[in-house]
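Make the complex out of the two chains shown on their own, each in a separate frame, by following the hints.
Spelled out, the chains give:
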Amino acid sequence: MAGNRSKIAVLSGKGGTGKTLISVNLAAIAGKSVYIDCDVEEPNGHLFFKPEKVYEEIVTVKIPSFDESLCNGCRICVDFCKFNALAFVKNKPFVFKEVCHSCGGCVLLCPKRAISEAEKTIGKIQKGIYRNGDVTVYGGMLNTGEASGIPVIKKLLDKNAADGKLPVFIDCPPGSACIVMESIKDADYCILVTEPTIFGAHNLDMVYNLVKLFKKPHAVIINKYSDDENPAEAFCRENNIAVLGRIPFDTELGTLNSDAKIAVNESERLRKLFAMLYKKVTEEL
Amino acid sequence: MKIAIPVDDKNPESGVCVSFGRAPYYLFYDTDTKEYHYLDNGAASGQGGAGIKAAQSIADNGAEALLTVRCGENAEQVLSGAGVTIYKTIQATARENIKAFTDKKLFLLNNIHPGFHSHGR
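In order, the protein sequence lines correspond to chains A and B.
Just so you know, the first sequence maps onto residues 1 to 285 in my numbering.
Just so you know, the second sequence maps onto residues 1001 to 1121 in my numbering.
One chain only, chain B, in its complex shape (with noise of 0.2 Å):
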């Protein structure tokens, strides 16, 4: 299974980036060949609708999981419409979670948030 987790640096100890449609980097990790890559946001610095974006690139890159600290409700509807079950963190680093998810300490997300759009102003 494939898993995605916003990241601070290119690194498994990397802090999990504490937002998610921002986040420089995303890690990718398969728990059954215990391989991993990473992927540079596009969005991170646009305009709008980085959490769309991003969501959208979780998805393409073929993740079922994202483990996350937050995640807005725009791209809660983009990942639950690609079938992406989004947890939350509960340690510091990405390794630490990615224990924590293959150990099923992890639970799903349940506080999406409304979001912190700039007011297109």
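So that you can see chain A by itself, here it is in the shape it has in the complex (with noise of 0.2 Å):
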């Protein structure tokens, strides 16, 4: 696998289509590779990979502060903010950490500088690793009641840059919003994960539509096949999407995937499968 195209992001347009399933088994069966969990509102590759030696790091963003002493009013700030993040009434600037998309321009414009940024953790990274080092096993986690997980992601996404060599494979957030675009922002490749389903067929479709606009090299695995009708497989050939390989719909490997095991550890039957998935994989690259 050539190291500077090895970043592999797998995505899909609904939750429990098999993301992790398949970032986790891939990984697994690479050998050395990086494993990172962006779903940081519900990261659960963890579960399976049960990292080892986990060292972890607060992330925080910028939040406006005011001194008030220094403010005359102005309102510049106010203006300025797109995001409606701050409001000035009665003499007082208030500030909506939540609403604050810590753009920092606030900071920047006022004339009195009575502006400073307050660091506001939002959440954390974690980075294990799993069989002696095998797969290095990166995760963020989102704090409760924050609006936004795209910060976390950056700062997952930013921690392994450095790495470069082994392959990557990027566990994205469900859906094709901004925290997905996030996720496969810097990816070589992307595997978008569906099911046989019209449910299935539709949020394709809409991440589908998401790495063309990016401009992503992309094929499909179709998770939980069956003999049966398969939209879903009839959007592939629609639209001339590769298929890179159909996973049965199973009950050993549902059973698995359920008990957080790694599926390909278990079975040789499933680690022949999953070699086969991962060997077109590297082939795309």
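Derived by calculation from the structure, the hints in this document are not laboratory data.
Keep in mind that a hint or two might mislead.
Unchecked claim - With a straight-line Cα cutoff of 20 Å, these simulated SDA-like cross-link-like pairs (lysine to any residue) come out:
no.: 1; chain 1: A; residue 1: Lys-90; chain 2: B; residue 2: Thr-1085
no.: 2; chain 1: A; residue 1: Lys-124; chain 2: A; residue 2: Tyr-55
no.: 3; chain 1: A; residue 1: Lys-90; chain 2: B; residue 2: Gln-1077
no.: 4; chain 1: A; residue 1: Lys-120; chain 2: A; residue 2: Phe-83
no.: 5; chain 1: A; residue 1: Lys-165; chain 2: A; residue 2: Val-78
no.: 6; chain 1: A; residue 1: Lys-92; chain 2: B; residue 2: Ala-1044
no.: 7; chain 1: A; residue 1: Lys-82; chain 2: B; residue 2: Gln-1047
no.: 8; chain 1: A; residue 1: Lys-90; chain 2: B; residue 2: Ser-1057
no.: 9; chain 1: A; residue 1: Lys-32; chain 2: A; residue 2: Gln-126
no.: 10; chain 1: A; residue 1: Lys-124; chain 2: A; residue 2: Glu-52
no.: 11; chain 1: B; residue 1: Lys-1002; chain 2: B; residue 2: Ser-1014
no.: 12; chain 1: A; residue 1: Lys-62; chain 2: A; residue 2: Phe-83
no.: 13; chain 1: B; residue 1: Lys-1105; chain 2: B; residue 2: Gly-1081
no.: 14; chain 1: A; residue 1: Lys-82; chain 2: B; residue 2: Glu-1064
no.: 15; chain 1: A; residue 1: Lys-82; chain 2: B; residue 2: Lys-1002
no.: 16; chain 1: A; residue 1: Lys-92; chain 2: B; residue 2: Glu-1073
no.: 17; chain 1: A; residue 1: Lys-90; chain 2: B; residue 2: Asn-1061
no.: 18; chain 1: A; residue 1: Lys-155; chain 2: A; residue 2: Arg-113
no.: 19; chain 1: A; residue 1: Lys-90; chain 2: B; residue 2: Glu-1064
no.: 20; chain 1: A; residue 1: Lys-279; chain 2: A; residue 2: Ser-267
no.: 21; chain 1: A; residue 1: Lys-97; chain 2: A; residue 2: Gly-128
no.: 22; chain 1: A; residue 1: Lys-62; chain 2: A; residue 2: Lys-97
no.: 23; chain 1: A; residue 1: Lys-155; chain 2: A; residue 2: Gly-128
no.: 24; chain 1: A; residue 1: Lys-90; chain 2: B; residue 2: Ser-1080
no.: 25; chain 1: A; residue 1: Lys-120; chain 2: A; residue 2: Val-95
no.: 26; chain 1: A; residue 1: Lys-92; chain 2: B; residue 2: Glu-1076
no.: 27; chain 1: A; residue 1: Lys-90; chain 2: B; residue 2: Asp-1060
no.: 28; chain 1: A; residue 1: Lys-82; chain 2: B; residue 2: Ala-1044
no.: 29; chain 1: A; residue 1: Lys-159; chain 2: A; residue 2: Asp-134
no.: 30; chain 1: A; residue 1: Lys-92; chain 2: B; residue 2: Asn-1061
no.: 31; chain 1: A; residue 1: Lys-97; chain 2: B; residue 2: Gln-1047
no.: 32; chain 1: A; residue 1: Lys-90; chain 2: B; residue 2: Glu-1076
no.: 33; chain 1: A; residue 1: Lys-261; chain 2: A; residue 2: Glu-42
no.: 34; chain 1: A; residue 1: Lys-165; chain 2: A; residue 2: Glu-283
no.: 35; chain 1: A; residue 1: Lys-97; chain 2: B; residue 2: Pro-1024
no.: 36; chain 1: A; residue 1: Lys-90; chain 2: B; residue 2: Glu-1073
no.: 37; chain 1: A; residue 1: Lys-32; chain 2: A; residue 2: Met-276
no.: 38; chain 1: A; residue 1: Lys-97; chain 2: B; residue 2: Glu-1076
Written out as structure tokens, the structure reads:
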């Protein structure tokens, strides 16, 4: 695998299609690799890897803080803030921390230098190792009540930016909104996970449009595959999207996965299945 | 005393808008002079923080009372900071609620909701 094209994002428009199943098992079978759980609102990759030697770091954002004795009430900051995170009434500035997007514009514009930036903790990231370091496992956690996981995802992906050589599997949040865009932004390749249902096909359409917008090379893996009617497969056919693999709707795989076991370690049959998938992915890169 | 009401149309017979922050217009009415005017809500289609910006406008326009169906907690902070009292509307139209207000039939809005903020996604 070429070192400069090794970041593989695994995403899907719908939750529960198998992003974590696929990214965990691909990372586990890849030998030396990196797994990054960007689903910072409900991370669960760590439940499979049970990483050791966990190192933790907090994630902060910068929030404006006013020195009211310097503020002259010009309201340049209030008018500037596109997110309406600032207000000024009765000669008193108001900051709405959860509305603030930490752009720093108010600080730059304040003619009286009455605004400084204060750190606000919004979550944390963790780094640990699996199987004596075969897989370096990163994960992030957004604190309850925080509006956006993007700063956590940024820090997760920044941490890993230096590594470069190993294949990296980015387990994305579900959907196709900002947090997913942030997760795939620097990916070299996108795996779109779907399932053979109308919901699966509909949400595949959304992430398909997203990866096209980002001009990312991509292909689909259909999980929970059966011989029944398959709207997701039909969607791929109609849009000429390559299907990298089909993971069968399989009791053993389902059971292992719901017990938070890594399937490729438990079953030779499943090991072969994911080895084949991994081979196909590497051929694409 | 100047009062403000979020309205759907620029008309005293307009219905009170169910949203405070995203209402298209605000009706300002002076109970002493019986004069009224309208304000376009620049925050109606904004990304976020509409309630905050709307509350700022209400305060800037000198209203001392707001008659509304509901109000989010961020807007409430700005309004209470500005000394604007929030009353719950009980009638359909702006005119009926102004009458109810001057007849002292309106009660303070006491269920401030945590907001319908988009999730930043």
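List in ascending order the numbers of the hints, as given earlier, that are violated by the structure.
-> 5, 6, 13, 14, 15, 18, 21 and 35
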